[in-house]
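Novice: For the protein sequence lines, the chains are V and D, in the order given.
For the first sequence, position 425 (counting from the first letter as 1) is numbered 1649 according to my numbering, and the numbering increases by one without interruption.
For the second sequence, position 443 (counting from the first letter as 1) is numbered 483 according to my numbering, and the numbering increases by one without interruption.
Where hints are given, some of them may not hold.
[What the hints assert, rightly or not] Calculated lysine to aspartate or glutamate pairs in the EDC-like style (CA-CA distance at most 16 Å, straight line): (1) V:K1380 <-> D:E529; (2) V:K1658 <-> V:D1541; (3) D:K466 <-> V:D1576; (4) D:K466 <-> V:E1275; (5) V:K1618 <-> V:D1541.
[Unchecked claim] If you anchor each label on the Cβ, the simulated ranges turn out as follows: (6) V:V1752 <-> D:S475: 44 to 52 Å; (7) V:P1821 <-> D:G448: 57 to 65 Å; (8) V:V1836 <-> D:A407: 31 to 39 Å; (9) D:S213 <-> V:K1895: 37 to 45 Å; (10) D:R195 <-> V:D1750: 35 to 43 Å; (11) V:R1900 <-> D:G488: 36 to 44 Å.
[Said to hold, decoys possible] Example chain D residues on the side facing chain V (calculated, C-beta under 10 Å, incomplete): (12) C67; (13) P70; (14) L198; (15) Y318; (16) V326; (17) C327; (18) F408; (19) M435; (20) A480; (21) N481; (22) G488; (23) L489; (24) W490; (25) L493.
Quick caveat, the hints were computed from the structure, so don't treat them as lab data.
Where is the CB? At the ideal position from N, CA and C, for every residue including glycine.
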Amino acid sequence: MTLFWPVLLIAFASLLAAFVRLPGQWKALWAVFPGAAFAWVVLSWPAVVGEGELMASIAWFEQLGATVDLRLDAYGGLMAGLVTGVGTLIIVYAAGYMEGQPGGSRLISMLLIFMAAMLGIVIADNLVLLFVFWELTSITSYLLVGFNHEKEDARKKALQALLVTGTGGLALLAGMVLLALEAGSWQISEILQRGDLVTASPYLPGIIVLILLGAFTKSAQFPFHFWLPNAMAAPTPVSAFLHSATMVKAGVFILGRFSPIFNGSEWWHGPVVVAGLVTLLVGAILGLFQTDLKKILAYTTLAVLGMLTMLIGFGSDLALKSMLVFLIGHALYKAALFMVAGGIDHGTGTRDVWKLGGLSAVMPFTMVAGALAAFSKAGFPPFLGFIGKEYVYKTGTSLDTLAPIFTGAMLLGNMLIFALALKVGWYPFWSKGKEAMLEGHPHEGGWMMWLPPLVLAVLGLVFGFIPVWTGDTLVLPALSEITGKSMHEHLALWHGITLPLILSLVTFVGGVLFYRAREFFWRKHDRVESSPKVEHAYDRLLVGMVKFAKRQTQAIQGGSLSRYMFIVVGATALLLLWKFVRFDGWPELTWEGRLAPIPVIACIWTMVGAIVAAVAKRRLIALLAMGVVGLGITVLFVNFGAPDLAITQLLVDGLTVVLLLLVIYRLPPIKAEANRWIIRADAALSVFFGMLIAALTLSAMQLHVVERVGETLAQMSYAEAYGRNVVNVILVDFRALDTFGEIIVLAIAAIGVTALLAASKERSSDED
Amino acid sequence: MSDALLLFLPLVVPAAAAVLGLVLRTCKGPQAIVGVLGSAGLLVVGLMLVARTDAVGVIATQSGLWPAPFGISLVADRLAAAMVAVAGLVALAGSIYAWRDLADDKLGPQFVPLMQFLMLGVQGSFLTGDLFNLYVWFEVMLVASFVLLTLGNQRQQLEGALKYVVLNILASSLFLIGAGLIYAKLGTLNMADVAVRLAHPEQTDLVRTSGVLLIAAFGLKAGLFPLFFWLPSSYHTPRPVVSAIFAGLLTKVGVYALMRTSTLTFAAKAPVLLELIYVIALLTMVCGVLGAAAHFDMRRILSFHIVSQIGYIILGLAMMTPIAIAGSIFYTLHHIVLKTNLFFLSGVVNHIRGTNDLARLGGLAKAFPGIATLFFISAFSLAGIPPLSGFWAKMAIVLAGMDLRAWGAVGIALGTGVLTLFSMTKIWAEVFWKSAPEDANTTDNRSGLWPMLIPCVAFVGITIGLGIWGGHVFAFAERAAEQLLNPREYIEAVLGPDAITGEVPGAGRVRP
């Protein structure tokens, strides 16, 4: 059960942070909570690696598949460590970043709730639970991207991120429900063991495609990549945490999680590799043109996410191993670089590369953190980034098919990532000729702003120095988890003079060249930004949807009552026709009754009233004609021996007329329908519907299959209810409850009349 | 307490409260207290009914002690009991919420009695076992709601009320024709008796015509495509408390009537009508949500969402599997609470700024973070974001659809979810996030907010609670669905244990 408390602890801290406002730098104290969770992950690590996993479970919504099953295995544990570890540093950083600005507590509270959800994703062992956490990260991301919500831009981009990931999330839900139904279990660990059931399912392609949609939108794979750079509208601690180190890795994470099942299916490898490859190149190439530090980082994040996805798509043990090494390295250096970029922004007030330069003298600590992180990202030995890159090349060169193409793409991607790394971590500090920059008195932020990135950057170096430890303790246990077999090959810094090493050297040369040509690309920034993009398709889709919605709503909810009535009656008539055509054929009608004069007169009277009401040009006349109709019906009641009913009818009718009179009084005069076709259609439909109902009634009266209750009532009336007037007995005894209801109806109508009368009296006295 | 008393109390309590309210029409304070107490009594009775039916199964009594089918039966199964209780809850919340309006004379002395009469109609509809009696309760509801719509007497209200009453009377006529045809063909109006008489094999094709008419009538009341026009035309016009109670409850009475009649009568005998409902449900979902996307006024957007979500509920009904029906029931209960609350909150916004027009609102997240949080949770619950109640409601329908391999339904349900999210974020961004436009009224009316906020806080608590502990409620919904799908228990409770001679087919669909 101990598995519950890290998530609960962080969620609890979030709630506390929303209400307890710590002053200024003291907000960093909130880091104690994720710090404790991180310590717990670290302390549990030996048990996780040794025994394989920790589990906990409590009941929840079983009927819908949901149980709170948590499972900490080495793969999830690795991510849990990143989430809580980086998260702890982020909270410290956020406290420094927000110092002196409003909303610091709100930001930290939201970061913490996000962290709890993200931790939930990586340790959930139930599909529904996983989805719950997944959506929570989308929602918190929405709130965080829209943190500066008084800016329209922030709102727009928050919505974009939410809609893209939210839509993908629903696809994921569909995929997971289908997966669960096919595997016969909602528990992820159990499904992983029933992989053959899933792969044998005819719905396998559907499951894969739906889950991929979820993963690709979350991890910003092409063509859903556009929301990620836009999400940079969020405050920098958010970008560092959600949009580089953790949330965007959730997609990659579940790809890895499910890869033991889908590895081997053609529906899996193709899409995953292609999406990854395109994203890698799109991200890296578009990144070249960016002039905003955070945007540069966002595009490299895209590139790296593409790389990770592509590696998962290859699916070989080596590829997955490279993926894990790359993933750890990236989480460390990218979060650090974001924090450095935020520090620069904080100290200078700009993130524009055209303005930045020469900061090494004034921001020494940030400079060191930036340099270390950039070197790891660029892939200098002995940083972890170097090892990651070596493994990537090793994977590329050992592919069976198309190895040159993929290796070439990797090479290009890495060169560009190299150049982009230096632009963020090196260029702002060392570029010359930006003396104007220094006049604004840029300054180092407090320790809370430079220590967290420094810690991460140094870790990137340390892990690289001790590759065997890193590999054996972190990478291999997680790898065993996602390959499903136990892995033992050590990680190494030095592989001898091999093809990957040569490719690494080529990367350096190419990267330096791209870095030197930076201004060439920066100048083209505006032109690239205005060229056609996938994002425009999203915009057009959204605008088109709203436009279509307006048209559609205008068409059916036009506002005219007679139109609505036409549709209601028309739809009912259509349904009845459909029923006849589909099933019964037409009812056979015969007439056996006799014509008595009084009913015939009453019927004609009623019909005349109805026609007058229909053609009347003034509401008042129409209303009075309706009264005439009511009278006709009253006569019919009297004729068939129900004086009580007749009286009721008279009363109700009279009250209704009065009530409507009061309403109509305020309405404008009837606008004559200009279109004669509409009048004709209305008339035709009315006549048709009336005849249809008459025919139905007639045909129903001809059937007399069972004894009617009414006949028994007539017999019981005197014998048991002691009344000779059957209608009367029915009204006041057998069905007294109906009569009670009708009395209430009358009472309410009376209340309504008095209310309207009182109101109109008030109004006329106001007008006087 | 005897079953008979328990079944009559939901009618007696609001009727008594209404009469007392009429007597006290000149004393504002005591009248308002009568409203609150009457509604609270209704809630208590409802909860007792839930406890009783859940423990002993379907209970029934005969009015005037005339044996069924000669008198009028009152029946409660788990679904009816739950509806009675949740309607009591809404009434109670509404009575508290109306406190301020009553004090300010914005509702007039008619409100309390009318609302109690409305509740009488609603409860009668839930509990009656007789088709014509159901019609009577519909009339009570209709007249009461019509007058409630006009309270305040604004021109816009009268126009909306006119559309409301005319279209609903049309539905009543269709209902009456349908019921009349059933009586003409089967000779009975008692619904259990109808089910029994239908069980004779030769009666099979009798039910379709009246089925179609009942679907049209109840469909209009429930707000189904293409009959929902009255709803978005009228719900944005009355006082907030009135539209909130209507939004939560009234369409659900139509839904309830559809559930009751379809499971008792045509589900087993004319499954083709279920397919009809299925198609209608999908169209309803889409049309409703598009209407919401097209509008820019809080209450109008929310009104169209009612339509859309009725589509989800009816979709569950059309699928007719145990999980689908349970999902429909859960969705109904969740939606009554949530929708009422969203209208309550739009009333709060209206109270503060005097408008519900998104273009003229803004900045409320900063000025009222508490209210913003209440709205955010409610709106995202409506959009089906976990772990709030709306997610489980949607999840049940999706799961049921997947189970039947109904890909189209699942796809449309999920797509509608995205659009729901879109229009909820629209309200959120415009009303709460953006800064108020410069020419807008930003003098906040903070007086008298608390009585309005108490029910909102309670209902938000319920939507969160249903998300976290809703498993129990869902289990109850499953038990209720079981009763619906196997009408034997209902029939025997009404007509006695020997009523069924032939076979009464269950309504449920078999999983492929």
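Novice: Kindly confirm whether 37 to 45 Å is satisfied by the beta carbon distance between D:S213 and V:K1895.
Specialist: Check failed, 25 Å falls outside 37 to 45 Å.
Novice: Is the shortest C-beta separation between D:P70 and chain V less than 10 Å?
Specialist: violated, 18 Å
Novice: Let me know if the C-beta of D:L493 comes in closer than 10 Å to any C-beta of chain V, holds or violated.
Specialist: The hint is violated - D:L493 has no Cβ within 10 Å of chain V, the shortest such distance being about 18 Å.
Novice: May I ask you to test the hint 35 to 43 Å on the CB atoms belonging to D:R195 and V:D1750?
Specialist: Violated - the Cβ-Cβ distance for D:R195 and V:D1750, about 54 Å, lies outside 35 to 43 Å.
Novice: Measuring from the C-beta of D:G488 to each C-beta in chain V, is the shortest one below 10 Å?
Specialist: violated, 23 Å
Novice: Hint check: V:K1618 vs V:D1541, CA-CA at most 16 Å. Holds or violated?
Specialist: holds, 12 Å
Novice: Using the Cβ atoms, figure out if V:V1836 sits within 31 to 39 Å of D:A407.
Specialist: Once the Cβ atoms are compared, 58 Å apart, the range 31 to 39 Å for D:A407 and V:V1836 is violated.
Novice: Take the C-alpha atoms of V:K1658 and V:D1541, compute the straight-line distance between them, and say whether it is at most 16 Å.
Specialist: At roughly 48 Å apart (the allowed maximum being 16 Å), V:D1541 and V:K1658 break the hint.
Novice: Is D:K466 close enough to V:D1576, meaning Cα to Cα at most 16 Å?
Specialist: Violated, because 32 Å separates the two Cα atoms, which is more than 16 Å.
Novice: Report holds or violated for the interface hint on D:V326, using the least CB-CB distance to chain V and a cut-off of 10 Å.
Specialist: holds, 9 Å
Novice: Against chain V, run the beta carbon of D:L198 and see if the smallest gap drops under 10 Å.
Specialist: holds, 5 Å
Novice: Was the hint right that D:Y318 lines chain V, CB cutoff 10 Å?
Specialist: violated, 14 Å
In the structure shown, a violation is registered for the earlier hints numbered 1, 2, 3, 4, 6, 8, 9, 10, 11, 12, 13, 15, 18, 20, 21, 22, 23, 24 and 25, in ascending order.
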